[in-house]
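K.L.:
All chains should be built: construct the whole structure from the sequences, respecting the hints.
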Amino acid sequence: MIELQKVTVIYNKGTLDEKIALRDVDLFVEEGQFVVIVGANGAGKSTLMKVIVGEVKPTFGVCRIMGQVLKEEKIFKCGSIVCQDPNLGIFPNLSIEENLMLARKKGFRGLTFGRVDTRALELLRSCELGLEENLKKKASKLSGGQKQALAMVMAVSSNPKLLLLDEHTASLDPKSTEKIMELTDRINKTLGTTILMITHDMNIAEQYGDTVIVMEDGRIVARIDKSKQKVQASQLKSMIKSRLTATT
Amino acid sequence: MIAILEQGLLLALAAMGVYISFRIVDLPDLTPDGSYIVGAAVVAALLRSGHGWVSSVFLAALAASAAGFITALISTRFKIHTLLASIMVMTGLYSVAIRIMNSPNLPIPRFSTEKVLSYEQIVGKTPLDDILGGSVSFQYEKEGVRAAIVPFNNRADGHDLFIIAMFVVVIGFLLWLFLRTELGTMLRGYGRNRFAVKVLGVNPNFFALMGLTVANFLVGLSGALFSMYSGFADVNMGAGMVVVCLASVILGEIIFGSREFAYGLLFPVVGAVVYQILLSLAMKYGYRIGFKPSDMKLLTAMFVVSVIAARRFKKSEVTV
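Each protein sequence line maps, in turn, to chains A and B. Take the first sequence: its position 91, counted from the start at 1, is 91 in this note's numbering, and no numbers get skipped. Take the second sequence: its position 299, counted from the start at 1, is 547 in this note's numbering, and no numbers get skipped.
The hints are simulated quantities; they were obtained by calculation from the structure and are not laboratory data. The beta carbon of each residue, even a glycine, is placed where N, CA and C say it ideally should be. Among the hints, a few may not be true.
[As the list claims (entries may be wrong)] Taking beta-carbon pairs under 10 Å as the criterion, some of the chain B residues facing chain A (in silico):
hint	residue
1	Y438
2	G439
3	A444
4	V445
5	M550
6	S554
P.N.:
This is the structure:
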């Protein structure tokens with residue numbers, strides 16, 4: 001699904017402000033996998049995400065999505081992204097119903113009157129945040145957790161093959177974080193969507209996902225496959241921590 | 249009162265255009281100052297050349313919408329801020345309008361006139377000509393003009409009001425219907441979150457093009473109708489149009505508050521009528537406190553600034 005080969009990203013190359021954000025990153029994410037990327041601030045997680053969505057071109061190396069080097073608009077035709085800011089994933093001036101109606105499919109719209117997908121409503125109901133009872137409510141009136149849940153449901157409504165999550169729980173309270181992470185896990189397990197999630201929350205990394213990738217200083221320093229290595233949650237946490245401390 | 253309502257509803261069409269650009273797609277577009285004149289100029293030129301008013305009005309609005317399209321194209325293609333792109337287009341349209349009319353203003357004739365000859369040509373030489381050797385006016389000769397057929401009679405008997413109101417109702421209904429569709433809903437969404445449009449696999453620039461094209465179509469339509477209503481087109485008639493329309497939109501927002509009927513399309517309509525009433529009151533009684541009709545643009549600009557400032561102090565949403 002995602003294939004990065006020897007990807008290096010250098011910002012402001014050849015100037016005094018030159019900064020190497022990614023160094024020789026090799027990454028391979030299979031279809032249906034739930035991969036969690038952890039790392040401290042400045043580790044290169046966000047740049048990695050920008051390379052995957054086509055926002056940043058690698059200085060060296062290649063990034064392929066479904067076997068092809070795609071442009072930004074093409075990537076969003078087969079994938080979705082949910083960012084840290086809950087307002088980025090929704091249309092705040094539209095109602096929940098209108099938001100879901102637009103998210104139903106990817107691409108251009110015509111002069112048709114849309115409707116809400118029943119599967120999107122089911123997913124919304126499963127969040128248990130009361131969103132399905134207030135479909136006429138404007139999205140701007142929702143709480144942060146509700147907005148992010150709506151953004152998640154919208155992101156998967158069009159049945160994308162790939163879901164990219166860029167610290168999507170970072171601005172939420174613990175209760176909302178738990179709900180959103182349960183929804184994330186449910187999306188991966190029930191819909192089979194490939195998920196690549198960035199977080200700096202160790203607890204999330206230890207609880208969710210099939211594979212944890214540890215990044216430090218623009219490099220991938222560890223790749224922990226939970227199913228193969230059969231590690232306990234507590235062990236995993238110490239493994240991640242030890243990898244991070246070993247490189248600093 | 250009927251004349252005030254007529255002028256208010258004519259303004260409402262332009263205000264709906266400004267509402268679309270400033271509020272729905274959230275792009276500060278000053279092109280209406282120029283596209284209003286283009287609408288007026290095109291309709292005047294076409295009517296004088298013998299075209300019917302329906303096709304003339306449609307072509308005039310289409311010409312104005314092209315101006316909006318160009319603004320959006322400059323803005324999206326060359327990454328120039330919409331405000332700057334629209335200032336450039338608006339400035340250019342001043343020359344375009346003069347080119348269309350072939351003069352800074354153009355009357356729309358209501359009556360046919362025959363070929364105009366000088367007095368001497370009609371009555372022949374006078375004894376004075378023998379003494380003076382003929383007058384300059386002897387050379388004067390002008391082609392006659394054909395009366396343009398316009399739908400307005402300017403009698404303030406409700407006939408014009410009905411036609412203008414029909415335009416506003418039909419355009420308003422079509423816009424409301426359009427904004428309900430998936431395309432229209434996405435256009436509304438684009439105004440508040442361009443990134444989400446991109447994530448849905450659609451190029452957001454398309455909505456900038458569509459929004460400004462539709463907005464300037466309405467402004468051009470308003471200019472064309474006003475030109476027919478007033479019987480002339482003038483290159484200065486669009487000056488300050490954006491501010492006046494913005495004031496109408498703000499007035500509508502104040503009247504309706506947070507109640508957003510018909511996606512807010514009623515704001516500019518009601519606002520424009522109220523604005524026109526306030527304008528006529530100011531012109532009628534303003535002289536008592538020293539106001540002149542020419543002060544209205546200053547008052548309108550001050551009103552817009554004060555409302556925006558008041559909203560900023562209240563920390564409520566304002567996107568101007």
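K.L.:
Hint by hint, note whether the structure agrees.
P.N.:
Quick rundown of the hints versus the structure:
Proximity of B:Y438 to chain A holds as hinted, the smallest CB-CB distance being about 8 Å (cut-off 10 Å). The interface hint given for B:G439 holds, since its Cβ lies 7 Å from the closest Cβ of chain A, which is under the 10 Å cut-off. Taking 10 Å as the C-beta contact cut-off toward chain A, the hint placing B:A444 at the interface holds, the least distance being around 6 Å. Evaluation of the B:V445 hint against chain A yields a held restraint, the C-beta minimum of about 8 Å falling below 10 Å.
The closest approach between the C-beta of B:M550 and any C-beta of chain A is roughly 29 Å, which is over the 10 Å cut-off, so the hint fails. Nearest Cβ of chain A to the Cβ of B:S554: about 25 Å, over the 10 Å cut. The hint is violated.
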